[in-house]
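Chain by chain, the residues:
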Amino acid sequence: MRYLLQRFVQFLIVFVVVTFIVLAATRIGSSDPLRDLAGGQVNQERLEEVAADYPYLDKPLVIQYGYWMTDIVTGDWGYSYYQSQSVMDMFKQRAPATFFIVFWALVIGLLIALPVGIYSAYRRDRIFDKATSLSTFATISMPSLVVAVLLLYAVAARTDLFPTVGGSNYVAPWDNPYEHFKNFFLPALTLGVGIGGVWSRLLRADMVLTLQSDFVTLAKAKGISPMRILWVHALRASVLSLITSVALQLGALISGSIIAEQFFGPRGLGDRLVFAIQQNDLLTLQAIAVVIVAVVVVANLAVDLLYAVVDPRIRAARALT
Amino acid sequence: MTTTSMDTMTAMPDAASDERVATKRRLPKLGVTFGVLWLGTLIFLAVFADFMPFIRGYGQSLDGATNTRFGPGIDFWFGSDTLGRDVFARCIYGARTSLTIASASILVGTVVGGTLGMVAGYFKGWVDRVISIFTDSLLALPAIIIASLLVGRFDVLADSDIKFLGFGFGWMSRTWSVTIVFSLLSIAPVARIVRAQTLSLSQREYVLAARSLGASTRRVLWREIVPNVIPALTAVIFTGIAILLAAEGGLAFLGYSVPRPPSWGSMIADDRDKIEEAWWTSIFPCFMLFFTVLAFNLIGDRLARRFDIREAAL
Chain A
1 MRYLLQRFVQ FLIVFVVVTF IVLAATRIGS SDPLRDLAGG QVNQERLEEV
51 AADYPYLDKP LVIQYGYWMT DIVTGDWGYS YYQSQSVMDM FKQRAPATFF
101 IVFWALVIGL LIALPVGIYS AYRRDRIFDK ATSLSTFATI SMPSLVVAVL
151 LLYAVAARTD LFPTVGGSNY VAPWDNPYEH FKNFFLPALT LGVGIGGVWS
201 RLLRADMVLT LQSDFVTLAK AKGISPMRIL WVHALRASVL SLITSVALQL
251 GALISGSIIA EQFFGPRGLG DRLVFAIQQN DLLTLQAIAV VIVAVVVVAN
301 LAVDLLYAVV DPRIRAARAL T
Chain B
1 MTTTSMDTMT AMPDAASDER VATKRRLPKL GVTFGVLWLG TLIFLAVFAD
51 FMPFIRGYGQ SLDGATNTRF GPGIDFWFGS DTLGRDVFAR CIYGARTSLT
101 IASASILVGT VVGGTLGMVA GYFKGWVDRV ISIFTDSLLA LPAIIIASLL
151 VGRFDVLADS DIKFLGFGFG WMSRTWSVTI VFSLLSIAPV ARIVRAQTLS
201 LSQREYVLAA RSLGASTRRV LWREIVPNVI PALTAVIFTG IAILLAAEGG
251 LAFLGYSVPR PPSWGSMIAD DRDKIEEAWW TSIFPCFMLF FTVLAFNLIG
301 DRLARRFDIR EAAL
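For the protein sequence lines, the chains are A and B, in the order given. Going by my numbering, the residue at position 51 of the first sequence is 51; the numbering climbs one at a time, nothing skipped. Going by my numbering, the residue at position 94 of the second sequence is 94; the numbering climbs one at a time, nothing skipped.
Only chain A is shown next, with the shape it has when bound in the complex:
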């Protein structure tokens, strides 16, 4: 418990540092943040109006950070004049698309990693292991941009099944599952393939070690079926690196979703973010960045919790401290 509290404080500090870096980064080379908030070239009235909303802009950056963070935490994300929309509304509108790309990418990654990782460890150095070892290495070395182009060339341009370049739209799975699949499959696959390769290799490495341990031999001796040993007993003892990587890669997946969105379609947060960076739309930019950082930090914290659930040895070790 004390350990978790310690980790929590540590992650809180990281969160503050990172969000402060984001705030500072948006101000580089910007002499007039007020104008950025008001939407670029605008009249005096608008400027005064915005200045009244943000009276703290002439204070030191640290003070500004305090005000800004309070706004974010209390749910007052401001109004983006660039997009004529409140940032919160924009977020609610765009977040689902990004969420589903990342979610399906995770699912695809795990659907690749679990069978490949487990089976290649079980039949180590056989033909399946060698073949997957080679192909996972190839997918690891394939930037998502390259995967996207290849998918586009090999699949999207040749079949009518999927929307053409950039033509995908957001369709909720509960409205129309088939349309949802059509719009989300390619972007999710783009991210999922690479990540699946990484996870397969991680899982295989851990699994190989686990399969040599005594409790697996005992389980075999007791006559438990190989499938059950692999998928229940050995898997549980081997997923630590995998879980860590899932959490660590979450941030990378959300970032990667920007590329997938730009490439294939369902316009989510990434799309807004690209525009926000181009226009220096401070509020949108900062809000999205904070959410992503928060997700990454929370995921890391969740991993710490999960460690204890998955591996009783860690739970025991923690109990002693």
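A hint or two may mislead.
Said to hold, decoys possible - Straight-line C-alpha distance at most 30 Å; calculated DSBU-like pairs for lysine-lysine:
{"hint": "1", "chain 1": "A", "residue 1": "Lys130", "chain 2": "A", "residue 2": "Lys220"}
{"hint": "2", "chain 1": "A", "residue 1": "Lys92", "chain 2": "A", "residue 2": "Lys182"}
{"hint": "3", "chain 1": "B", "residue 1": "Lys274", "chain 2": "A", "residue 2": "Lys182"}
{"hint": "4", "chain 1": "B", "residue 1": "Lys29", "chain 2": "A", "residue 2": "Lys130"}
Hints were generated in silico from the structure; no laboratory data involved.
Fit chain B to the given chain A structure using the hints.
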């Protein structure tokens, strides 16, 4: 140096070497050979591109022709794009841009991150805690987002007449800003790996021996720790370049990398909507990017296995 490395070998606990045998991936030696050959050829072509008769200028287009787009063939090995520019030449010049940025960044990242990691791992205590929070924060940054944000802001900075300590920022071209941003982003992963290495190295007998003989901290760090961290660093450098190359592709795709000479990412980004009529304009840069990243990964992987560092750390 020789004695210390021998000590490392004998001091290696059995469990670690067992693990290395267990996790050994049997990629054929072919992989490394391919990696070295590919990189050698690519670097050679990129460096001497200006003197090669068969490499055209990257911006040079065919004059007076109405249809300037040709498929791959004798004249244009990789075809030519809509403006009649040779895709092969652009790929080679792209290598120059991408490789320069990636290797310069990893160099800075290695020096700064390596120093931070070593200091954190050796002195432990509050130094370690402060540095760890710093690296954890850098790792929590969404890399592509922060990179495009910073490059975008640096553009504004370079155009503005803002002065810092009396210096303007007019010199800051895209090449500079991308390199600076990538250097910043590569600090944390290197620092983390070096910290872990140093933590275990500083427990070794020869470090203890050096310290009890009264060697100064600086001497212990330079003569005992640094030489033993370097092998791991070489692996990190290769893997790091691979990651940076991929990241540069993504950044270029979003329009935040070096536009001229074009990097592979910007070539892909520019021509991706023409893939049905002219696949070669985007597929070839893709292959270049893929094979180069693969080559760096293959060499990095071999080195990592050779020097026993964990893949998951990066």
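Cross-check of the supplied hints:
At most 30 Å may separate the alpha-carbon atoms for a hinted pair to count; A:Lys130 and A:Lys220 meet this at roughly 25 Å. Among the hinted pairs, A:Lys92 with A:Lys182 is consistent with the structure: their alpha-carbon atoms are about 22 Å apart, no more than 30 Å. Distance check on the hinted pair: B:Lys274 and A:Lys182 sit about 22 Å apart at the alpha-carbon level, within 30 Å; holds. With a CA separation close to 13 Å, the supplied pair B:Lys29 and A:Lys130 stays within the 30 Å bound.
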